[in-house]
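Participant: Got chain A; can you put chain B on it based on the hints?
Quick mapping for you: the protein sequence lines, in order, are chains A and B. When we follow my numbering, the leftmost residue of the first sequence carries the number 893, and every step to the right adds one. When we follow my numbering, the leftmost residue of the second sequence carries the number 45, and every step to the right adds one.
It is worth saying that the hints were derived from the structure and are not from the lab. On a predicted model such as this, the values are computed, not experimentally measured, just so you know. Don't take every hint at face value.
[Claimed, not checked] Listed next, with one range per pair, are the computed distances between beta-carbon atoms:
| no. | chain 1 | residue 1 | chain 2 | residue 2 | range |
| --- | --- | --- | --- | --- | --- |
| 1 | B | 592 | A | 972 | 51 to 57 Å |
| 2 | A | 974 | B | 560 | 31 to 37 Å |
| 3 | A | 971 | B | 399 | 19 to 25 Å |
[Claimed, not checked] To spell it out: a stretch of chain B is covered by chain A in this simulated footprint if at least three of its residues, at any positions, have a beta carbon under 8 Å from a beta carbon of chain A; those stretches are:
| no. | segment |
| --- | --- |
| 4 | 84-94 |
| 5 | 254-260 |
| 6 | 441-452 |
| 7 | 495-508 |
Think of the CB as a built atom: it goes at the ideal place given N, C-alpha and C, for glycine as much as any other residue.
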Amino acid sequence: MPQIQELEGRFKVTEADRRVVAEFKKNPVGHHTPELQQVLNRFRGAPMADKYCLIIETPFKKWRLGQTTGDRAQPVKPLDKTFTSLEDAEWHVFKLRWKMHTGETLK
Amino acid sequence: MLKLTAYADKISVVPGEDISFMVNCEAGPKYKADLVRLRCGDENPEGPGFQETVVKSSASKTYKGRKQTIHAGSFACVASAPALEGLESFTLQAYIWPSTPTKGTQGIISYWREVPKKTGLALIITKRDGSLAVCLGDDEGKIEVINSGKPLVAREWYFVAVSYDAKTKEVKLYQEPLKSHGRTDDHAFVKKKSTLKSVGSHDCPLVFGAYFNEIDKGRVVCKGHFNGKIDRPRIANRVLNRAEMMEAAQGPIPSHLMADLVGVWDFSVGITTTTIHDIGPNRLHGRIVQMPARAMTGHNWDGSEMNWHHAPQLYGAIYFHDDDVIDAEWEVDFTFSVPKTLRSGLYAIRLRAGDTEDYVPFAVRPPRGKATAKAVFLLPSASYLAYANERMATDAPLAQLLTGKLSLLSAQNMYLDQHREYGASCYDVHSDGSGVCYSSRLRPVLNMRPKYSCWLGGKGSGLWQFNADTHIIDWLESTGTDYDVVSDEDLHHEGLSVIENHQVLITSTHPEYFSKEMLDALDAFKAKGGRLMYLGANGFYWRVAFHKSVPGCMEVRRNEGGIRAWEARTGEYYHSFTGEYGGLWRRNGRAPQTTAGTGFSAQGFDISSYYRQKPDAKNPRAAFIMKGIKPDELIGNFGLVGDGAAGLELDRADRLLGTPPNALVLASSENHTNIYLVVCEELLINYPGLGGQENELVRADIVFYELASGGAVFATSSIAWAGSLSHNKYKNNVARMTGNVLKRFIGPAPFS
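Pulled out of the complex, with its shape left as it was, chain A reads as follows (with noise of 0.2 Å):
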């Protein structure tokens, strides 16, 4: 998995910000601190390429892994993992993105 490289003199998030993990596994989507809302902003506000996304397979039931490809040759990757929950899908992912943006893998 790469590691996110941002911009020198920008936010990054690093396990410093550790403490909004606890927060976002409770409340995925909806009211936020700003501190979670500022990690957050860097996740969802990634490009499009190999940018997560959930591709429904049974409307309100079932959804899968995707990855959208930034290149409109390429269509959306659909990977090897759903979800029954939308919650479980968030965590799932926030979890990826920590990986990339500070190296740590959660738990």
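Facilitator: Below, chain B alone, put in the same frame as chain A:
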């Protein structure tokens, strides 16, 4: 993956009229069609569930399936003519503004035949190095490409030309940038002898912005689509020298060149039409295909004029895109004559084959000039067009920032992602990054479907536009209220007559796009005592224009202000279809507050919130609205769209923007997340604290006011409102409030 996709030739139909359906079936040899009346398209198990009723009809049959394809990419073409077929020596010239010179072979001016043997002549951008080139083909299928060897710089104007002398075989190629940049070597003049014995003749069409490939079921199909602008293309029947080229380019055409010029196309003539005009002696007029953009600034535009009507000579360019699609031009699979007895409502043709299905929705109107109910629902077909086949979830990095969650991709999103030829929406950009300013319904519009859930539609049901609007239809059905359905296009083309016999007009959740004709009709309706129930938000926002000769084709120019998925280039703010100044109605003197009392104020797409009652809720004038609702009740702290009635896009009352002085603000929403942000037209100076937790402009106002005509207006100011109507089996304060208003608005007593 979808295996059935279809569209109709109409968005609405009067009983007794025909409506035709074009179907692409890749699911097998047959498919079944049924007519259904739609009630609720939301499959959310937390809600009322999907509801449709099959209606017996002559359309309900099994049909033979076949694959139908779309050929994307715009161009202009001219039928072959003796003046072209007799060319031996020639000059081709134009001004061009290429936007993707390195993407591959692109035709600029091509008089070319591809099969059975390649022959003809074409001025192109070559795939070798993105430089200008001439491609020549003899009668034997042998072709020769001579290029300038100097790559064109994207988004710069060039004068380009090629001449060919049939006797000496001498080719001269001119690539002249109109603006020079330091250390940029893009100027070229190449003189070279062709190795071909001659240039072959044929009778295929002359094409601008691509090169001719074949005729497929009556459709001219091209290859090598050009991205960028072409201005003042000319063809001469001899070698012109540089000075003569300039004379031909600038006009008026001098008499000594009249006999030598085969075609002198002026794209600034007939901008509102689909015709391109040859102002030279041969009158080789042609047509545009798949609606490349007109009223585009030309090579000589200098900022001295913004309105193409005032200075058409500055607007001689057409902007071609390799992904323009306005008409799929599919063959008709079946035509259905709508029975005269079919009651007005929201219908669809449901298509099924194996485990795949598609729906093609349409409105059945009441008979012309009549109302068959006191209430009429205005199906926002203009807004559906603007969003038609929108691709932000797969294309736009900001999508997950707007929604504050992972994007959920439906089967339709996945299909559109793999089928770019289905065309984009006015929320997307073309492959070269320029904005999509035209949209059409003469192609499958896969997000205008029941059962479709949209990444933008908030947590929960995830509904946007068409499918969200079925929540209103569902609620109307639940109340037992009779209602008619008419579309925006009906209002645009037929005006007040479409709604004047109704007592109350009910809007959709998001009637964002309005033409002047539509707005005038709605204003007249109110002036005649009509009642308006605005059950949504961000309505009456963008000014749009419909093409006068191409049905179902709409234009929007995203000018200067407003929430914009792209920005119109400076100088291109006036609609090509009508010449009207585009952009926000707020910038056209009719802010949404003048139409419905409230106007767009903030947006966010994660979770919704609730409304808190305001002092005006106790005003006796509002008693009929608040009947049965306790003074301390929060309004709409529940719902299928983001768990609240106030969400997605929010409108507010503002006297300075036109909210009438007698308007009552009954309740306002609060406690929105910081994903919700103030709209950018409010930001004269940007500042911190624009989110829902801090900014008072992040709110939806429920507004009521009486009209001098005896009519009245009720505005809920939130897209999510309709998602709360069915809560607790339709027994809740959102449904109660809406029902109270409908009951009074339908009644005959005028408001004083």
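Participant: Each hint: holds or not?
Facilitator: Hint by hint, here is what the structure shows:
1. Separated by about 52 Å at the C-beta atoms, residue 592 of chain B and residue 972 of chain A satisfy the suggested range of 51 to 57 Å.
2. Here the CB-CB span from residue 974 of chain A to residue 560 of chain B is close to 50 Å, at odds with the stated 31 to 37 Å.
3. Checking the proposed 19 to 25 Å range against residue 971 of chain A and residue 399 of chain B shows it holds: the Cβ atoms sit about 23 Å from each other.
4. Given a C-beta distance limit of less than 8 Å, the hint that chain A covers the segment 84-94 of chain B holds, as 3 residues qualify and 3 suffice.
5. Closer than 8 Å: that is the beta-carbon criterion, and the segment 254-260 of chain B has 0 residues meeting it against chain A, so the requirement of 3 is violated.
6. Figure legend: the segment 441-452 of chain B, annotated as covered by chain A; annotation consistent (9 residues with Cβ-Cβ distances under 8 Å, at least 3 required).
7. Check on the segment 495-508 of chain B: 3 of its residues sit with their Cβ under 8 Å from a Cβ of chain A, so the three-residue criterion for coverage holds.
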